[in-house]
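In terms of numbering that gives the first Met the number 0, the sequence shown has 388 at position 389, counting the first letter as 1, and numbering is strictly consecutive.
Simulated from the structure, these hints should not be mistaken for lab results. Where hints are given, some of them may not hold.
As the list claims (entries may be wrong) - Lysine-lysine pairs mimicking PhoX-like chemistry, simulated, CA-CA at most 20 Å apart:
| no. | residue 1 | residue 2 |
| --- | --- | --- |
| 1 | Lys260 | Lys276 |
| 2 | Lys30 | Lys500 |
| 3 | Lys246 | Lys190 |
| 4 | Lys55 | Lys127 |
| 5 | Lys429 | Lys500 |
To be verified - What follows is a list of derived Cβ distance ranges for each label pair:
| no. | residue 1 | residue 2 | range |
| --- | --- | --- | --- |
| 6 | Thr466 | Ile274 | 21 to 31 Å |
| 7 | Lys306 | Asp442 | 50 to 60 Å |
| 8 | Lys128 | Lys376 | 39 to 49 Å |
| 9 | Gln524 | Lys124 | 50 to 60 Å |
| 10 | Lys473 | Asp338 | 20 to 30 Å |
Yeah, the Cβ is synthetic: ideal placement off N, Cα and C, and Gly gets one too.
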Amino acid sequence: MKKTLFLLLSVLTFNIANAQFKPIAEGPVFKEPEEGFAKILQMKNGTTMFLHISNKEGIDVRVYNATHQEIVTTTVQPSYGKLSHASIEAAFEINGDAVLMISEIDSRTPVLYRVIIDAKTGAIKDDKKIGELSHVSFFQGYALAFGNVPMPDFFVRKDPNSDNYAVVMFNSFESERSKRIEIISYGADNKETGRAFYASPEEKYKYLRYIDMAVIGSDKVCVLAYGYNTKNSGGKESELILANLDKGAKAVSFTELGFSKDLTVYWGIIRYSPITKSLIFVSLVKQDTGDKGYTPILSFVNPYEKKINRTNTIAPSERLNAFSKDGFTGLPQNLFINDDGTFTIVSEEITINTYRGTMGTSVASILGDMAVVNYSKTGEFVNDYIIRKAHSVSGSSLRPFYHSYRQGSAQVLAGGNQFKSFAYLDGKTKSYILFNDTERNNDKQEEGKLVTVSGVGESDGFYYPLTGANAVPKRDYVFGNPASKHDHNLGLFSISDYDRKNNIYVTLELSKESGKKGVKVVWLQP
């Protein structure tokens with residue numbers, strides 16, 4: 000009996016160790032960056048760039064050639080100097096170069112910088128301020144903190160199918176309501192191709208809530224906004240608004256979509272599907288402002304005919320409720336358009352915990368179970384999976400769709416939190432969810448109380464193939480089973496990049512072997 004059990008365990012260990020993503024190459028080990036922001040870009044010519052945007056030390060650039068050899072390591076100093084309140088709004092490739100869109104608050108004035116880095120030399124090719132919003136006074140800051148006024152902000156989106164991108168400048172304190180949202184489009188040469196204000200007819204709505212945008216090649220930029228009034232500002236009138244900046248247009252077209260007069264839209268994300276030529280819109284709404292939770296809504300918007308074709312509530316199937324006492328309670332966090340035109344909505348349970356003690360008050364976001372729901376091109380339910388996890392992200396209060404807002408930008412590096420949360424990968428033959436977890440949860444994937452990951456020192460990277468009929472996918476180690484219980488291999492999956500054409504996934508691996516710690520860029524084949 001003992002011999003049989005030993006053989007069985009050996010087989011299981013062998014299967015785990017050899018089921019990993021196939022290693023292709025790895026770069027030299029370097030010191031782990033622990034502050035600022037990080038991003039990996041796979042360029043169209045086969046090179047790879049690792050970018051570390053430090054708050055005080057400039058931008059560290061590492062370039063690897065098409066055979067994965069490190070050819071450049073340099074640090075460049077952008078004109079903006081040191082960063083104090085920065086956010087990386089976007090990081091992407093345009094015309095063979097890396098483009099970073101960095102927002103900062105300079106003397107209470109929000110500004111947007113664009114830094115273009117040569118992918119061959121790592122040098123800065125262009126560096127300029129391309130946007131500036133109104134100065135935020137002390138009293139306006141009070142309105143941001145306690146009133147009903149959203150923060151002035153920049154939003155950046157790149158078309159995933161072309162070298163076109165756009166910037167929305169949201170100037171919430173602009174006195175003229177028709178000048179609160181400005182849309183600027185850019186082409187592959189990083190030059191403006193269009194610029195116009197969103198013009199509300201008769202300045203109908205006092206308040207505007209930016210929702211999201213999509214760039215459709217060089218044809219158009221589509222922005223969704225929610226316009227509304229209050230009892231004290233002209234009544235309760237509200238509407239979901241589609242604002243299009245079309246190619247060659249001098250003004251933004253404005254269309255009230257008739258979403259629902261009875262629903263208040265709080266959050267939302269859109270993605271353009273080139274196969275169905277539709278904007279897929281996932282929103283979180285309330286029928287009454289006093290409602291405790293949000294209702295997720297899936298809609299299809301035709302950006303050419305400027306109308307909603309379909310709207311319905313969405314939720315995972317009942318079978319996913321069997322894995323916790325209260326059932327699955329998560330909300331959508333991201334929407335992914337797959338290569339074949341189908342799409343996937345990933346939902347996640349989030350609990351905000353506040354801790355009060357003698358040293359003050361602290362907060363943490365507990366990222367719990369996930370539901371992965373697959374839909375057909377036209378929005379019919381196909382199948383779903385549940386993935387159990389428990390991550391404690393200290394010092395943060397994550398808002399709905401946090402994962403979508405991070406997509407396409409760079410990951411904040413802070414206290415190990417960057418190794419938490421998840422990544423979705425639409426591979427050539429199957430899709431995957433990846434995240435770091437402790438091996439102590441290996442036997443608790445279907446039932447039992449999970450160990451909450453607070454520190455990540457004893458965690459490893461795992462992946463879950465989204466295939467089969469079982470509600471809970473079987474997981475395996477991304478980097479192979481560690482050699483000993485003291486060795487661990489983490490993946491910084493939130494900065495990764497995937498070349499679907501060549502089926503190459505690039506990430507940053509943090510390994511801890513024999514007490515030595517370091518990071519390296521690794522190339523893997525799913």
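We went through each hint and held it up to the structure:
A threshold of 20 Å between alpha carbons decides the hint, and for Lys260 with Lys276 the separation of about 26 Å lies outside it, so the pair is violated. This hinted pair does not check out: Lys30 and Lys500 have alpha carbons roughly 31 Å apart, beyond 20 Å. For the given pair, Lys246 sits about 14 Å from Lys190 by alpha-carbon distance, which is consistent with the 20 Å threshold. Pair hint Lys55 plus Lys127 holds up; C-alpha atoms about 18 Å apart against a cutoff of 20 Å.
Taken as a hint, the Lys429 and Lys500 pair is honoured in the structure, with Cα atoms around 14 Å apart against an allowance of 20 Å. A hinted range of 21 to 31 Å holds for the C-beta pair Thr466 and Ile274, which are about 22 Å apart. Distance hint check: the CB atoms of Lys306 and Asp442 are about 51 Å apart, consistent with the given range 50 to 60 Å. Against the hinted window of 39 to 49 Å, the Cβ-Cβ separation of Lys128 and Lys376 comes to about 42 Å, which satisfies the hint.
Taking 50 to 60 Å as the suggested C-beta distance range, the pair Gln524 and Lys124 does not conform, at roughly 32 Å. One distance hint, 20 to 30 Å for the beta-carbon pair Lys473 and Asp338, holds here, with the actual separation near 24 Å.
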